[in-house]
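**Q** Chains A and B, in that order, give the protein sequences.
The working numbering applies: residue 262 is where the first sequence begins, and numbers increase by one.
The working numbering applies: residue 4 is where the second sequence begins, and numbers increase by one.
In short, the hints are calculated from the structure, not lab data.
Among these hints, one or two may not hold up.
[What the hints assert, rightly or not] Listed below are the simulated BS3-like cross-link pairs for lysine-lysine, each with C-alpha atoms no more than 25 Å apart in a straight line:
hint: 1; chain 1: A; residue 1: K454; chain 2: A; residue 2: K410
hint: 2; chain 1: A; residue 1: K440; chain 2: A; residue 2: K474
hint: 3; chain 1: B; residue 1: K137; chain 2: B; residue 2: K177
hint: 4; chain 1: B; residue 1: K71; chain 2: A; residue 2: K328
hint: 5; chain 1: B; residue 1: K34; chain 2: B; residue 2: K71
hint: 6; chain 1: B; residue 1: K71; chain 2: A; residue 2: K440
What follows is the residue order along each chain.
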Amino acid sequence: MTHTPEEDDLLAAEYVLGALDLAERSAAEARIRLDHIFAARVIEWQNRLAGLNDDYAEAPAPNLLPKIEARLFPQSAKPRRAWLSGLIGLVASTAAAFGILVFLWLQPPAPSMTASLTADASALRYEASIAGDQLTLTRTGGAAADAGKDYELWIIAGDAAPVSLGVLTAETVTIAAPKAESGFTLAITLEAKGGSPTGAPQGPIVAAGKLAKI
Amino acid sequence: MIDDPIAALLSRIAAQDRAAFRSIYSDTSAKLMGVLLRILGSRAEAEDALQEVFTRVWLRAGRFDAAKGRGMTWLIALARNHAIDRLRARHDHAGDSDEMETVADPSPRAETRLIASGEARRISECFDTLETDKAAALRGAYLSGQSYLDLAARFDVPLNTMRTWLRRSLQKLKECMDT
Numbered sequence: 262m263t264h265t266p267e268e269d270d271l272l273a274a275e276y277v278l279g280a281l282d283l284a285e286r287s288a289a290e291a292r293i294r295l296d297h298i299f300a301a302r303v304i305e306w307q308n309r310l311a312g313l314n315d316d317y318a319e320a321p322a323p324n325l326l327p328k329i330e331a332r333l334f335p336q337s338a339k340p341r342r343a344w345l346s347g348l349i350g351l352v353a354s355t356a357a358a359f360g361i362l363v364f365l366w367l368q369p370p371a372p373s374m375t376a377s378l379t380a381d382a383s384a385l386r387y388e389a390s391i392a393g394d395q396l397t398l399t400r401t402g403g404a405a406a407d408a409g410k411d412y413e414l415w416i417i418a419g420d421a422a423p424v425s426l427g428v429l430t431a432e433t434v435t436i437a438a439p440k441a442e443s444g445f446t447l448a449i450t451l452e453a454k455g456g457s458p459t460g461a462p463q464g465p466i467v468a469a470g471k472l473a474k475i
Numbered sequence: 004m005i006d007d008p009i010a011a012l013l014s015r016i017a018a019q020d021r022a023a024f025r026s027i028y029s030d031t032s033a034k035l036m037g038v039l040l041r042i043l044g045s046r047a048e049a050e051d052a053l054q055e056v057f058t059r060v061w062l063r064a065g066r067f068d069a070a071k072g073r074g075m076t077w078l079i080a081l082a083r084n085h086a087i088d089r090l091r092a093r094h095d096h097a098g099d100s101d102e103m104e105t106v107a108d109p110s111p112r113a114e115t116r117l118i119a120s121g122e123a124r125r126i127s128e129c130f131d132t133l134e135t136d137k138a139a140a141l142r143g144a145y146l147s148g149q150s151y152l153d154l155a156a157r158f159d160v161p162l163n164t165m166r167t168w169l170r171r172s173l174q175k176l177k178e179c180m181d182t
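Put together the whole structure using the sequences plus the hints.
**A** Below, the structure written as structure tokens:
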């Protein structure tokens, strides 16, 4: 499938305008994830039309922050984080004396969290690890998605709706790590080619697991 | 980037700064609530969507690039995309047009209110070069999330005509704004 630059630019404009139907929107979203030139066109249009945003009137919003924080930051994580940042502070001050050593120690970052994504009734298995700002996912069991389908990766914070991290296009994929806490769930669903057309999972969950600190 | 406090907050959030997350909520939740309410038309659904949007702000702040645009533009795009996805999914399940009443563009005088920023003044001038119906249809799509289907019904023209109108109007708008 070839697209002229003009067609691409119009599609980006229509996507930002918001007039596309669900299937067209999801196709455009899949392209944003895969095609950085198209993604840049979308950002240009967002900027071009941003003047219209002044027309949105403010509306009083209830304080939903406690609910949102409860989802994002499970209580148990708090003391450990304080302890961890204390430790990091200590390491950092020691590092001033042993700069080169620490430089070597930090490169490459060791995985900080891992998850095993499995399912009861199938051999499909993925191993996920977050190291620094990267999340790497490797299929260690089972088969790739059938032709015409794709596996899509989601992250779920507490009882929040799943957020897509993209379509798994290879046996091993490395993506920008989401801001995740121990206890968040990673899940893989079977979706139509290019990923879920709605921005929310549509297909069955084929593997899932919780992130844990190591 | 010249003076963009929201961008500064987003980069702190990308570094997992929870105080910055609380600040961005208090600074921007009213504006984003306005966006969600305009598109979704129901306060209960808008509040539910607001929780989702801020959950995504925390998870996705690392993808924001201050070199490519303003922080508030990024936040509003995140909120609009989420709201429009919900609206389209709802239409898919519930047939059509019942909800349209609540999201129809209520303000034919909207142009006159677009005076706050230089950015807004520029797009307002460019909107003035479009025919009235077409400018109103563009506005309905952008501000209220109306689809080509909704707009074709509202202006009583075939779907393809509406699509051609808006694509030409977007091209004209681009030419006007890029010169």
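**Q** Determine for every hint whether it applies to the structure shown.
**A** To see whether the hints hold, each was checked on the structure:
| no. | hint | in the structure |
| --- | --- | --- |
| 1 | A:K454 x A:K410 | 4 Å, holds |
| 2 | A:K440 x A:K474 | 13 Å, holds |
| 3 | B:K137 x B:K177 | 15 Å, holds |
| 4 | B:K71 x A:K328 | 31 Å, violated |
| 5 | B:K34 x B:K71 | 21 Å, holds |
| 6 | B:K71 x A:K440 | 21 Å, holds |
In this structure, only the earlier hint numbered 4 is contradicted, and the remaining ones agree with it.
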